[in-house]
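Visitor: Listed here are the chains, written in short residue letters.
There are 2 protein chains.
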Amino acid sequence: MGQIDPKAFRRALGNFATGVTVMTATDRDGNRVGVTANSFNSVSLDPALILWSIDRRSGSKEVFLNATHFAVNVLAVDQINISNNFARPAEDRFAGIEFKEGAGGSVLLPNCAASFECELHETLDGGDHVILVGKVVGFSDNGKPPLLYHQGAYSAVLPHPGHAIDPDSHKKEASSCDERLFDNMHYLLTQAVRAYQNEYYPKQLSSGLSTSEARLAMVLLGEHGSTKEEMLKEVGMPMREINIAVEALKLKGFLKCVEGTLSLTEEGRAAAGKLASIASNHQTEVFKKYTSEEITVFKKILKELIDRDPDPNS
Amino acid sequence: MGQIDPKAFRRALGNFATGVTVMTATDRDGNRVGVTANSFNSVSLDPALILWSIDRRSGSKEVFLNATHFAVNVLAVDQINISNNFARPAEDRFAGIEFKEGAGGSVLLPNCAASFECELHETLDGGDHVILVGKVVGFSDNGKPPLLYHQGAYSAVLPHPGHAIDPDSHKKEASSCDERLFDNMHYLLTQAVRAYQNEYYPKQLSSGLSTSEARLAMVLLGEHGSTKEEMLKEVGMPMREINIAVEALKLKGFLKCVEGTLSLTEEGRAAAGKLASIASNHQTEVFKKYTSEEITVFKKILKELIDRDPDPNS
Chain A
1 MGQIDPKAFR RALGNFATGV TVMTATDRDG NRVGVTANSF NSVSLDPALI LWSIDRRSGS
61 KEVFLNATHF AVNVLAVDQI NISNNFARPA EDRFAGIEFK EGAGGSVLLP NCAASFECEL
121 HETLDGGDHV ILVGKVVGFS DNGKPPLLYH QGAYSAVLPH PGHAIDPDSH KKEASSCDER
181 LFDNMHYLLT QAVRAYQNEY YPKQLSSGLS TSEARLAMVL LGEHGSTKEE MLKEVGMPMR
241 EINIAVEALK LKGFLKCVEG TLSLTEEGRA AAGKLASIAS NHQTEVFKKY TSEEITVFKK
301 ILKELIDRDP DPNS
Chain B
1001 MGQIDPKAFR RALGNFATGV TVMTATDRDG NRVGVTANSF NSVSLDPALI LWSIDRRSGS
1061 KEVFLNATHF AVNVLAVDQI NISNNFARPA EDRFAGIEFK EGAGGSVLLP NCAASFECEL
1121 HETLDGGDHV ILVGKVVGFS DNGKPPLLYH QGAYSAVLPH PGHAIDPDSH KKEASSCDER
1181 LFDNMHYLLT QAVRAYQNEY YPKQLSSGLS TSEARLAMVL LGEHGSTKEE MLKEVGMPMR
1241 EINIAVEALK LKGFLKCVEG TLSLTEEGRA AAGKLASIAS NHQTEVFKKY TSEEITVFKK
1301 ILKELIDRDP DPNS
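Going line by line, the protein sequences match chains A and B. For the first sequence, position 209 (counting from the first letter as 1) is numbered 209 according to this note's numbering, and the numbering increases by one without interruption. Residues are numbered in this note's numbering as their position in the second sequence, beginning at 1, plus a constant of 1000.
Check before you lean on any hint, since a few could be wrong.
[What the hints assert, rightly or not] Now the stretches of chain A that chain B is said to cover, found in silico as 3 or more residues with beta-carbon under 8 Å:
1) 5-18
2) 32-43
3) 139-153
4) 195-209
Keep in mind that the hints were calculated from the coordinates and are not lab data. Just so it is clear, CB atoms sit at the ideal spot from N, CA and C, and this is done for glycine as well.
Modelling step: build the complete structure from the supplied sequences, incorporating the hints.
Guide: In C-alpha cells form, the structure reads like this:
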C-alpha cells in the first residue's frame, strides 16, 4: 500500500464520529492546562481505565505528564464555545471560565454531559502522540445531549429510527406502536430530517468538496469578505478545521486571503453557487407538489419551533 | 473517591458518543473473526496509528492477537444489522455477509463510511481489555453518514447550527446569509428538531429512566409481550444494551420475563405511560396555537417526506 498521506488519512478518520472532550490538569508547579480532544475512549471497566492521546508538539504535554491527575470533561451540545476556547492558543484559556477543582488539581467544567477524574495511570508510546491511560477515581453523569465531531464539523445526535431492521413495517401493517409513533411530532420531525438528508447528502457530495469545505464556501458566498475569527462565529467548525478547509479551498483556487480577509475567487463563487443550486433545486423538487399556502404553513411552524428555543445554545 | 461501580461507570461513559466499527481479522490458521467495537480512535498521523480495545474474555481475542493484520470497518447509519450481527455470539458471523479480503486476511465490509487496513503494531495492557495499536497500511474514505452509539442506543448525526456562538444573531439583524438559511428547508428542519429536543429531553429525563430504558419501556407499552429477539427489531439498540436495560427495568420492578417473553408489570406500564404522557403533553403544549388545518398540513408534509425515502435503511 506504500506511503500513507497524512492529510487523506486524517480526512478518512473524520468519518468516525466522536464526542468532544476538554482534558484538564494542574502540574506540581501549579501550571494549569486544558486542551480539546476527541481521542478519548473507554478501556476497562474493572479497573476503571480510560485513555486519550496528546500531540507530542502540544505545549500542554509536559503539564499533563507532570501532573498526578487529569479530568475528562465530555462537552454538551451547547458547549461549542468551550470546545473552541480550549482548541486554540491563548494567554489564559481559563480566563472568564467558571470551574471547580477536581481530584489532584484537575479542573471540572460546569454543565458538561459527563466528567471523569483520573489518576495518571500510565503513558504509552503512540507515534507522534503520547497515549495517556487514566484510572478513574470519580465521575459525574449528567446525561445532557452531547456535542459531536464528524468530518471536521460540530454536530449533534439525532435519534435513530426504531424500525431500523424492517424498513417497510410501517407501510405493510400498522401496529398500535406504529400508530402512536405516527402521531408523535418528535418522531415525525426526526424521521423527516433523516429521510431528507438521505436524499440530499449524496447530491451535495457530488460537488467534490468535503463537508467542512462546503460549509465554509457556502458561508463565504453570503459575505464580501471575512476573517477566520468571524468565520468561527458563523460556521460550526473548530479553528483547526477552518484552517485546513481554507488551505484546501486555496489549493483548489476557490479562495484567497488578502491581509487576513478571506473571500471566494470567481471559481470559488461558481463552486459555492453550484452547491447552493444543488440545495435549492433539491428543495424545489421535493416541495413542488405543495401549494404555496401549504408551504407557508409548514415553514411558519418550523420557524416558530426554532424560535421557541430561548437560546439555541442551551 | 473509593470504589467505582462498574455499572454506573459504564453508563457515564455512554455520554461520550462514538461511531461504531466492526473489527475483523484472520489468524495464521485461517480462523476468521469480526467483532463490533466503539473503542476505536486515532492515535498518530505520522506514522499512521490507530487503536481499539478488546475484552480479555472475548472468544475472538486470540485470533486478533495471532493475526498479522486487522481491519476497521466504520459503519454507516444504515448498517445497524451489521452492527448487531457482529455484536452477538453466532456460529458463523460471516454467513450471508458479502465482503472482500483486506491486507493480511482482514475483512472489508461493503458500504461502510470508511475502512482502515492495519498491521498489528503493538498490544498494550488495558486492565480487563487488551489495547491493540494498528499501523494503517491502507484505507478507504466513503464519506457516508455514520452510525452512532450514544447512551446505549443507536443514533445518527444531525448537523449543528452554524450560528452556534451568537444565538440571537438571526433575530437581531438578518444578514443575507441568514435570509438564505431561513429559506432553506434542510436548515429549518434540522434546527426545528434541535429546538424541539432541547425542550423535550429534559422533561423525558425527569422520569428517572435512562434513554435506553425509556426506549425499551415505550416499545413494550405497545405490545402484549415480546422476546428479546423481537425487541432487537423494534428498538435501535444492540442486544447487549437490551440485556442491560432489561435487567435495570427488572430491578425497578417495571418488567418481568416469563419463558423468554418480556412484558411490563403494572408499575412498569404506569412508568411507561408517564413517559408517553410527557411526550404527548409536550406536543399538545407546543402545537396548541395552531388550527387543526395547519397541523394536518404540517403532519402531511412530514409524513410524505418520510415516505419519499424508498428504504429508511439506505
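Visitor: Count the residues of the stretch 32-43 of chain A whose Cβ falls closer than 8 Å to any Cβ of chain B, and tell me whether that reaches three.
Guide: holds (count 6)
Visitor: Counting residues of the stretch 139-153 of chain A whose CB is closer than 8 Å to a CB in chain B, do you get three or more?
Guide: Check passed, 13 qualifying residues.
Visitor: Can you confirm whether chain B covers the stretch 5-18 of chain A, using C-beta to C-beta distances below 8 Å and requiring at least three such residues?
Guide: holds (count 11)
Visitor: Verify this for me: three or more residues of the stretch 195-209 of chain A with a beta carbon less than 8 Å from a beta carbon of chain B.
Guide: holds (count 8)
Of the numbered hints given earlier, the model fails none.
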